[in-house]
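Those protein sequences? They're chains A and B, same order as listed. If you count the first sequence from 1, position 246 lands on 245 in numbering that gives the first Met the number 0, and the numbers rise without skipping. If you count the second sequence from 1, position 68 lands on 67 in numbering that gives the first Met the number 0, and the numbers rise without skipping.
It should be emphasised that the hints constitute simulated quantities derived from the structure, not laboratory data. Careful: at least some of the hints might be erroneous.
Just so you know, same-sequence chains aren't split out, so a pair can sit in one copy or run between any two.
Stated by the list, open to error - Taking lysine-lysine pairs in the BS3-like style, the calculated list, with each CA pair at most 25 Å apart, reads:
(1) 137 x 420
(2) 8 x 211
(3) 332 x 423
(4) 380 x 408
(5) 8 x 410
There are 2 protein chains.
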Amino acid sequence: MRFYDLIIKKRDGQELTKKEINFMIKEYCEDRIPDYQMSAMLMAIYFQGMNIDEIKYLTMAMVHSGKIIDLSSIPGIKVDKHSTGGVGDTTTLALAPMVAAAGVPVAKMSGRGLGHTGGTIDKLESIKGFKTELGLNKFINIVKKVGASIISPTSDLAPADKKLYALRDVTGTIDSIPLIVSSIMSKKLAAGADAIVLDVTTGSGAFMKEYKDALKLGKIMVDIGLEFGKETVSVITNMGEPLGFAIGNSLEVKEAIEVLKNRGPEDLRDLCLVLGAYMLELGGAAKNYEEGRKRLEKILKEGTAFSKFKEMVAAQGGNPEIIDKPELLPLAKHCTKIKAVITGYIQKIDSQLIGESAMLLGAGREKKESEIDLSVGIILKKKVGSKVNINEDLAEVYYNDSEKLKEAKNKLLSSFVIGDKKPKKIPLILAAISKEGVKEFR
Amino acid sequence: MRFYDLIIKKRDGQELTKKEINFMIKEYCEDRIPDYQMSAMLMAIYFQGMNIDEIKYLTMAMVHSGKIIDLSSIPGIKVDKHSTGGVGDTTTLALAPMVAAAGVPVAKMSGRGLGHTGGTIDKLESIKGFKTELGLNKFINIVKKVGASIISPTSDLAPADKKLYALRDVTGTIDSIPLIVSSIMSKKLAAGADAIVLDVTTGSGAFMKEYKDALKLGKIMVDIGLEFGKETVSVITNMGEPLGFAIGNSLEVKEAIEVLKNRGPEDLRDLCLVLGAYMLELGGAAKNYEEGRKRLEKILKEGTAFSKFKEMVAAQGGNPEIIDKPELLPLAKHCTKIKAVITGYIQKIDSQLIGESAMLLGAGREKKESEIDLSVGIILKKKVGSKVNINEDLAEVYYNDSEKLKEAKNKLLSSFVIGDKKPKKIPLILAAISKEGVKEFR
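Produce the entire structure from the sequences given, and follow the hints as far as they go.
Pasting the structure below:
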């Protein structure tokens, strides 16, 4: 078999066989297919797509490029969660302890961020002492004892995805449904959970700008999960504006703590309740979504999720005192504000631009090697639909380095669109897809 | 400017600017764009195409990646010729001396072959002593003195094309009209001729399998030539069967000599007359195509083209005696035949399969580094339309090494399709495209 012939086959719109896809992944991982041939293949897949069988074979080949983690020693149905990405998305930090407090074990591997802000792992590292690189045994023991643990992926977790993602990232082949699905699902399946809840974001700050594309992506991921015998739910959510008020690593940790204290921004809290309710349903801790949601509302009210988070922080070497006193989290030295230049209603907050602004402040990585400044970021004072008066604050900017501050502030200011009429607000939760089908919320 | 953004732009079907295309070629040649990004771009161009402006800018950028050869010291209008490739195509060897004999100087750089058989340069090297790597001054002096010279391209002739072609060759991005046009035209324009005649082949042995695609390719090349102020004619020819009877390096030289002796296969002779007639017209040695053709028929009859070829061979260090006695050319040690298994008419001879058969014998290069055996090849005994009886010879196979002989013979046999009815023969010359428009011959 020659990889050249497979490039031509896909380029010409033909279906690749299981054998051919296995060959492709194996040879690429073992450096017998050069990057310049693989990037041509990735671009051909971008244009010609893949059918559900091809996506299944690709996902499977990527799972088996490494080891599948064995979580069977943890009692109960382990439910994993993943988001296709949003700006200011700190859901996992609140969600994991909420779900664990309801008795569903969460053994989660989470990535570092590339782009606007850090990933969950970066955010957790703003808690002093918190270790994200534990051995597999320690990780499993914490889940057994506490109910939740979040660590960095082990190096043998779908290594094919790591290698392919790095190539896609520099060759314009990220936004391809078959490549997104196989990337996400291979990691989730290799991480060993029994069921999966996916947050598929749509809107200006997300991969899938259009609702219909997000729906398609969510549906294929449910199908792929089921193909592998894992019950999967995709929740389609609107990332038309950033989630919550905080964008930036330690700022988002603070906001997650607010949610766990039964406060926090309404949209972030709501998303945690929705995703959590499905996790409880799949994990057998609730009969259905409605029961799961009620259970989690009670948990937040009683503070058990908050205690669970402190327990998890302590078990992973972090200082639990910080969770009680979030003012101990790192905070940038300086703060400045941006103000509205006219009176009106916020029509739109462009997540993409806000993300780029946060990155300019140092909150995200431009390249893999870049250092993140965990203490910087943005706090929104207004959300879409808010009334704002001229000269009223739109956002606070926390910064250490004033070099790119002006550019960051300009981007931030231009992300707010202010108009005369109160806009119709798009709901956060748009649809949920499960084996039963699509349930639209809007 | 980031090359990543240009990949996305082309992927999304947008037009690249002159500045962007210049950046792409310059940075790639200077190794600041890695192959894995360029191959993604090439595949995006394959799918999205390029408009005439983009092709013009790409061609220009590739021309200027090296030096433009200055032929101004040679008196007269220098006319270059190029073929998009066919099996058994030895046209240049006969054509160059024919045109030179009519007083139009031919200063031609020609490539080595990758694929079925060698290129013109390889074929010429089967003439003992013939040197194809002359200095530029010597090359120009031979053209001044003899009227024709054929050498290998100098290393600074459109080096961007060399680098890009090597990448296209292994990434499934050869068959793209903008990439074919810019590759061919950049080399022709850098080679310094005043006018260009192109043989655009179509059929089973050619890049462009379909007549309409060949027509499109021919038209764009004429437009690009005119954009650069070089009058250009594209002749669309049928490569539905191999050209002439000989496939293989020294065998094809012998056949070219036959043409120069006013004999040789009808189709090869006809193609030389047609391409030559246009070269004479563009070179100012004939008022029009018809006059050019008559002039060349006379030249062949009088033997002046034959003498011109001997002069050129001698000037480039080859033994001119060989041209008088072609039996001195290298010939393989063994000969075997393949025979018809039924009686009937030849319906089709698949050029692609014949080419592959010749390559198995050692007549072509599979990889750049492969050695060519100049003495092996195939002589067809029948052409499309011929009557053949059972057990009658279809072809002779000249070979040295019997290792792949069986496979080569099987391919050769399967390339002949024999049927009951005499087939309608497709003419060799299908159309000619010039600044005046398209003239269809069929």
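A quick look at each hint next to the structure:
In this assembly of identical chains, the alpha carbons of residue 137 and residue 420 never lie at most 25 Å apart, being 55 Å within a copy and 80 Å across copies at closest. For the homomeric pair residue 8 and residue 211, the shortest alpha-carbon distance between copies (23 Å) is at most 25 Å, but the shortest distance inside one copy (29 Å) is not. With identical chains, the CA atoms of residue 332 and residue 423 are never at most 25 Å apart, being 38 Å at best within one copy and 86 Å at best between copies. With identical chains, the CA atoms of residue 380 and residue 408 are at most 25 Å apart within one copy only, with a shortest distance of 14 Å there and 80 Å across copies.
When the C-alpha separation of residue 8 and residue 410 is checked against a cutoff of 25 Å, the pair qualifies only between copies, where the shortest distance is 22 Å, while the shortest distance within a copy is 44 Å.
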